[in-house]
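> Read off the chains here:
Number of protein chains: 4
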Amino acid sequence: MIKAGIFGATGYTGWELVKILQRHPQAEIGFVTSTSQAERPLSTIYPTAPDLILVAPQDAPLNEVDVAFLCLPHGAAAETAVTCLNAGLTVIDLSADFRLRDVAAYEQWYKTIHPAPELLETAVYGLTEFARSQLPGAKLIANPGCYPTSILLAAQPLLAADAIAGTLIVDSKSGVSGAGRSPKQNTHFVEVADNFSPYNIGQVHRHWPEIVQGLGFWHASPPDLVFSPHLLPVPRGILSTIYAPLKPGWQLSELHQLFSETYADEPFVQVLPLGSLATLAHVNYTNRCAIGLAQAGDTLIVTSAIDNLIKGAAGQAVQNMNVALGLKETAGLE
Amino acid sequence: MIKAGIFGATGYTGWELVKILQRHPQAEIGFVTSTSQAERPLSTIYPTAPDLILVAPQDAPLNEVDVAFLCLPHGAAAETAVTCLNAGLTVIDLSADFRLRDVAAYEQWYKTIHPAPELLETAVYGLTEFARSQLPGAKLIANPGCYPTSILLAAQPLLAADAIAGTLIVDSKSGVSGAGRSPKQNTHFVEVADNFSPYNIGQVHRHWPEIVQGLGFWHASPPDLVFSPHLLPVPRGILSTIYAPLKPGWQLSELHQLFSETYADEPFVQVLPLGSLATLAHVNYTNRCAIGLAQAGDTLIVTSAIDNLIKGAAGQAVQNMNVALGLKETAGLE
Amino acid sequence: MIKAGIFGATGYTGWELVKILQRHPQAEIGFVTSTSQAERPLSTIYPTAPDLILVAPQDAPLNEVDVAFLCLPHGAAAETAVTCLNAGLTVIDLSADFRLRDVAAYEQWYKTIHPAPELLETAVYGLTEFARSQLPGAKLIANPGCYPTSILLAAQPLLAADAIAGTLIVDSKSGVSGAGRSPKQNTHFVEVADNFSPYNIGQVHRHWPEIVQGLGFWHASPPDLVFSPHLLPVPRGILSTIYAPLKPGWQLSELHQLFSETYADEPFVQVLPLGSLATLAHVNYTNRCAIGLAQAGDTLIVTSAIDNLIKGAAGQAVQNMNVALGLKETAGLE
Amino acid sequence: MIKAGIFGATGYTGWELVKILQRHPQAEIGFVTSTSQAERPLSTIYPTAPDLILVAPQDAPLNEVDVAFLCLPHGAAAETAVTCLNAGLTVIDLSADFRLRDVAAYEQWYKTIHPAPELLETAVYGLTEFARSQLPGAKLIANPGCYPTSILLAAQPLLAADAIAGTLIVDSKSGVSGAGRSPKQNTHFVEVADNFSPYNIGQVHRHWPEIVQGLGFWHASPPDLVFSPHLLPVPRGILSTIYAPLKPGWQLSELHQLFSETYADEPFVQVLPLGSLATLAHVNYTNRCAIGLAQAGDTLIVTSAIDNLIKGAAGQAVQNMNVALGLKETAGLE
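Residue numbers (my numbering), protein chains in the order written: chain A, 1167 to 1500; chain F, 1167 to 1500; chain E, 1167 to 1500; chain X, 1167 to 1500.
Errors might be hidden in some of the hints.
Put simply, identical chains are the same to the list, so a pair is met inside one copy or across any two.
To be verified - DSSO-like, lysine-lysine: derived pairs with alpha carbons at most 30 angstroms apart: (1) Lys1494 / Lys1169; (2) Lys1350 / Lys1277; (3) Lys1185 / Lys1413; (4) Lys1185 / Lys1305; (5) Lys1494 / Lys1185; (6) Lys1185 / Lys1277.
I should point out that these hints are in silico values taken from the structure, not numbers from a laboratory.
Let's have the full structure, built from the sequences with the hints guiding it.
Put into structure tokens, the structure is as follows:
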């Protein structure tokens, strides 16, 4: 039985991890930490939580677990990663600290001195479907961001086939849990309900460089990227609508076949039949990414949906743990 | 033309006042204040706001206005009231500071030393429909709380007719704007959406003593009161479902006639036909209170709905201003 | 391995049954029926559904299953029950057809001639926690209504202790899935969102006689009942706020102990610590009933929450199946 | 005083017209029609409605009004238009019947034989800001669709300046009232809440040819159009996010100035300062279109928001009436 510790268990991502690990047949929870709520039961915050007492991070019994999940703010995550790696644990970091391989880019986008830049080259970027060769035995896994997960899974077949002729335009919409659990003016119920808002559109959101980096995994000269996130008045779920200008000659049926073949054996990527588009109802409360295609002239439109807290965070983190530790990839996730 | 100043214009109640006064044919806005946002335009916070620059409260030009609306926290409101009264203004206080006539009760429930207890006996409790004889010329008006407004309008005919035989049970549900604009954990979108929560039920909410006091206006020995508020996942609106045990002999048709007669000439109280119940859709974005009746054996059920920000706050405040200053009572409110 | 057939699998309750049975370690799905969608996959309607093809009810292979769940309109359910019982199946009926023991009451409230009144006396009313002695081996189980489940679990300890002094007042609020999946004007998104509505309040809702009957299980002269349902703008969940006038001498701490002892060994009834009230967040997506207590003078206030589709329907149905067939009561439900 | 009749007053658009005309200083309501609800008061459907009795369309007293608003299904609208024109009325049609100038395109997209093709060339396409020269005295006005209004107002400055270098990609999101008041499966509260869905994306939505036609008003060879609508879980509001590839040399500041100058004198188009993006909160419950700009490399991103029922339907219809009849353009709309 694998034992897992969760740093930062009171946030939405930590809580999803608790729920997934509870039903995982080959893993169990060793500890859950919280700085502000230490010594209180997790059920103080989430009424349906199992009996777990939060411990202060410095009191976490690292020697009792095999793997640590870091649901911490950037900066703090990297520091904790160092401690956990030194204690011999496998570390799965759900923050942004090890996603960007270029330390200068990290420091520019996150306005933080990276606490452990020497670890960047050892970290595996855990977009599981495309990281399987690197994950087994990996000690440090950077779990991808939620928007990047929805977008990169949708873009990979097009890049691998060299089908894109120009700028990739991505219009994404996310539920409010993506903004975290700390109350802010822009997540106040009255401000969000009945509203819909674009924010950080174009090339200024912190996930933009992560997506650009990811596009480069599959193509030497990836397309330019325009990425426009919007805040949806729902608790959870991301839908990305992706507009790809096609090189001459591509037909929708052929592209659909390409996507279908790419993901034929993937348990968590569902390519919808032609005529169906992805919606949040396809994916919420699951670890799935649903992908639906449509065409308009020379433009392919890919609709890609995930549950931001599961496939976009805690679910993919457990999927990565499963592959890294040699467990069944779908364990705990079905 | 009456000129009005609004203290605390960045909260939801202040913003409703701005909207109402903008369309008021006999009043206009003299100033709007904010401590934290001074010197910024109100449209920074509410994008549809007219061109108004917020001023710091201490810079408010009191000599340029006739009336001051106080949308301030309790304690601060009473202090500002003193300043405004000294400057000769009519003061309409939307906080709780002048609602309870008993200073000891105020200090017990609000855990605050009252800054101006000597003013309590001069303040008019502005439940407009029942304060018309006291309002003209009043200099200090305590605007009722939102829950009390929805409940007292529904209870008055029963108390006046001495129809209630036992404990009055009130089950109230309020939209989230009732909790104010400051972000808190319990108003975070993700915590409120898809949820429904009772809070401070029984006899522990601060509006309980205010309602008890109000019941005493119409009956020497008013019934005991149980008052249970709940948080609804909607931005605005209050529905109170009120259970009144009836003295022998009362029939629904007779009670309906009693309510209809009581409110026959009231522009803002709508007694629904038998068979109809009050809902938020009857009242939101209006200054109305809708009342619907049903009977179950010896229990009368009164459903009473208001928009908490309008009839429960800003709308009733303007209604009170109109009556106090001799304007048409419905001006700005239709 | 128990095999189960689901009649009426395209409604919300049928779909919850599918999800629960999919993860049930000792049961599996034999068939799913639909009249209007026969021969189509269930995933046409619910995108995350497993591979199941809907069959017309008359084509359901009764001889391949052990138990039939009926998620059908009243009337149709009783007719199907007869067929299934004749085929030797255990029948769990989620409609109202076998809940009321008095055929005259049924025909009055449901305006339908009962198709199988002779079966009424053999049906077990499956409020699981209080039906354990009757369930093992039962062939026909009437699954309780959603509102009655939330209310009866909360009322039983008070009735058993003879603690109630007068009329029981129940103010209930339900999410929209309780109204079924067929689109109607009053379930249109635009009519429900931002609104909140009482309906059928007092003693006129069809669940009223069912609750009255249930109260009579535990007390020879149960209290009068006032029952007021309201429509909440959420997809799922019921919260009932129950006002019980207490006989002299009862204290909150004593009543809390009474509830705690009554449900000490129950896996699916959670009595919250004093100071906590039940909310939808305590129960949604679980088979639990959460109960929280508060007192106001001589009135006990019980807050009781369930997920209407799970403990209020499909979950309790599986719980009943488990007990009836000698499986582990919590199987599939944790 | 202008008198107006409303055909189809029970739909959401008709009801908005009632509310606007009620507060219009120079117009009043002559009649409201409904086929299914004739002889009932409008308040049966909308509880806050004024005292108006619905009449059957064939009983509408055409000779008592000056202008007819048609809130009818396509096909029926054109037939009613003929009757009203013959009676000498000014007709403002909120259906699609007179929007497309090409009868063949109409019959292809709407799968209906046009009942009055001879009127098409006389109809004015009432995108008010760009139809002012044609509106005065016009007898038949085709009120634009909601999506086209949000998009065409945002695209016009770019087309007039010949700034667009390639395919225009429009990602639009609409509240549910855009789908009308008749209950359907895809507008059922439970299906819409917590969900977000693309539909008819690319070049297959009926508003696509209308937008293409509109783009052609300002440029001889308008860009290709990709148009992807999505259903938002809110009652009202449209946000269109528009991606325009720019011809070389255009800078954001210059484009912002272009938009600002184009709309400098427009009462109902608000170009937001650089740094601000349009949201539903900018426009709901107003007749405004809010436009915000951002740039990403060679792509201009225009965010454009309207209230679909007001600027996207009833509000623009009254704006058109005002201009057509020589009233103040903003009357009833501020």
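> Indicate, hint by hint, whether the structure satisfies it.
Hints versus structure:
1. Lys1494 / Lys1169: Cα proximity of Lys1494 and Lys1169: in one copy and across copies (16 angstroms, 27 angstroms).
2. Lys1350 / Lys1277: both (21 angstroms within a copy, 27 angstroms between copies)
3. Lys1185 / Lys1413: neither (44 angstroms within a copy, 43 angstroms between copies)
4. Lys1185 / Lys1305: within (23 angstroms within a copy, 36 angstroms between copies)
5. Lys1494 / Lys1185: Intra 18 angstroms, inter 22 angstroms, cutoff 30 angstroms: intra and inter.
6. Lys1185 / Lys1277: neither (33 angstroms within a copy, 41 angstroms between copies)
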